[in-house]
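There are 2 protein chains.
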Amino acid sequence: MKIVIDGMGGDYAPSVVVEGCIEAIRELSNIEMIITGPEDIISKELNKHEYNTDKISILNANEVITNNEHPVMAVRRKKDSSISKALNLVKNGKADAVISAGSTGAFLAGATLIIGRIKGVNRPALAPIMPGKDGPFMIIDCGANAECKPINLVQFAQMGEVYFENILKVKTPSVGLINIGAEEEKGNELTKEAHKLLQECNLNFVGNVEPRDIPQGKVNVLVCDGFIGNTVLKMYEGVAQSIFSTLKKEIMSSFTTKMGGVLLKPVFEKFKKDYDYSEYGGAAFLGVNGICIKAHGSSDSKAIKNAIRQAINFYENDVITKIKVHIEDKMV
Amino acid sequence: MKIVIDGMGGDYAPSVVVEGCIEAIRELSNIEMIITGPEDIISKELNKHEYNTDKISILNANEVITNNEHPVMAVRRKKDSSISKALNLVKNGKADAVISAGSTGAFLAGATLIIGRIKGVNRPALAPIMPGKDGPFMIIDCGANAECKPINLVQFAQMGEVYFENILKVKTPSVGLINIGAEEEKGNELTKEAHKLLQECNLNFVGNVEPRDIPQGKVNVLVCDGFIGNTVLKMYEGVAQSIFSTLKKEIMSSFTTKMGGVLLKPVFEKFKKDYDYSEYGGAAFLGVNGICIKAHGSSDSKAIKNAIRQAINFYENDVITKIKVHIEDKMV
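Top to bottom, those sequences are chains A and S. Counting from 1, position 254 in the first sequence corresponds to residue 922 in this note's numbering; the numbering is continuous, with no gaps. Counting from 1, position 110 in the second sequence corresponds to residue 778 in this note's numbering; the numbering is continuous, with no gaps.
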């Protein structure tokens, strides 16, 4: 399997991207990596390591798209960017999956423009897997579509179901609708209408899930529009970060509390590991006609390696074909 | 000042409501409390305590509105409910403020129907004060309006500004728009249009605030529609609860970690206090023509007392008149 990765995407690119690729080819079998970016910069990074040179190649790309650019404009203009070149490789069948930790907007816009949608899917959606108290769960959409129609949410549920069943290996995963209230008549026009449609579908639909209960992880696939999904995702990160930075400051404030901190180190470490969503790789961009994984902007080499592992899983389980069949079935 | 409280509202009513009232009349001066509810039940609770009987009276109400009823229907039908009777007292000028820890929907619907809106305010909004890392902040609207127009968000900002300046004593508080992205062109139709309007207003508008940054508390007044606000509020609670229950479980798992927990007890207690939003009372329902405070459903007696203190502050600073003037000024 060939995987192309945007060598210049992410807060710590290109060094951690290159490191992640090297760790991946060491640990994971049957893969070849292609890294896009300025050849001199990428090869300089590669030369810092010893690795099997047959398994990693560079595709030269002289431009970089930053977070501050208008995504659609940037993808259209910068045809020689590391993101565009990577996406084109999948489009032309020269790579089986593409990964980027760079500009989310440019990656999503580029994937839709260059690779294109699966027939029947109105709106592709970003679908990260999050760590929950009772187990991992998916939020779909997490930011690709700030405005949605009820039918979009139904398709998110259908795609999420296929992905969760095949990648997380949960048979007939439960599907919930993120809503402000447990009763079906609660919410806004979008959620009220989506609730009706989801009930009529052949899905394991368990009804509304209130934001307070999201971190529990009791429901496998949570659907919502991209504005809500992105808000939930960012609150999850923001509240956890705020709590831990405050705790850390307080623990360091006296000798006794420092001692307590030392004794609780294994607890905090286990916690960090349990709540580390890079364990599940990046966010799959579901509904495009190719495997697209958006890694977190602050990914370290382990997160990059996990995104590569996720792309392999995606490929080996033939999730794209299964989504196609599932969406076509529902269209009949 | 006379304050009426819904004696039957809240998870632990009527006992904690009665206790909160008794604590309030002991600690706070110049107030008289009126408790609505079935006279026999409320007086039985009151008789468990010693208190100044001149300062607390009962207004008999034989019905109770629960969380499971349709709010508008319930308020219209149950005219003898503890919520309706309390709201009518403010409407008829026989009380200066009303507090309830009961059904949020019924309280908001009842306040709008019975007390009515301030002239010029299109949509009243629920506005809790939350604890942030850098200080308290307000989210407005937190659930009264699942659908909003851009002009509603501008009025939320104007009302929030008056409240924050007068109650939290911050001169010219900063106002932010909750949005998924820092740039002004980000978000959905509502946030894009609201961003333009907010820039044109005479407000200390600092632009978009991403959900990740909300817990910092760097911006004083955060405006959004009620669906987003409720999601943010519930995620704040849900993530914090999930983290602390997991930590607690892990701390109890071995002798060493239990010892660590003992040493860190002051840290956890300080943390609990810093993040306890009942310190700021309940959520003000701004835009109605009377002082309405929604206390949390799980309020204890201290939270009830703090909501009473908040109502006094609201009254003594004449916030209703100031909102009227502010909204009228902006209409010209």
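Please note that a few of the clues may not be correct.
Where chains are identical, the list cannot tell them apart; a pair therefore holds if satisfied intra-copy or between any two copies.
DSBU-like cross-link-like pairs, simulated, lysine-lysine; straight-line CA separation at most 35 Å [said to hold, decoys possible]:
1. Lys837 <-> Lys716
2. Lys854 <-> Lys970
3. Lys839 <-> Lys917
4. Lys860 <-> Lys746
5. Lys746 <-> Lys854
6. Lys916 <-> Lys902
7. Lys902 <-> Lys801
8. Lys860 <-> Lys747
9. Lys917 <-> Lys837
10. Lys854 <-> Lys992
11. Lys864 <-> Lys938
12. Lys992 <-> Lys716
13. Lys759 <-> Lys940
14. Lys854 <-> Lys747
15. Lys759 <-> Lys860
16. Lys864 <-> Lys723
17. Lys916 <-> Lys990
18. Lys917 <-> Lys854
19. Lys746 <-> Lys902
20. Lys917 <-> Lys902
It is worth saying that the hints were derived from the structure and are not from the lab.
Practice prompt. May I ask which of the numbered hints given earlier this structure violates, with the numbers listed in increasing order?
Written response: 1, 11, 12, 13, 16 and 17
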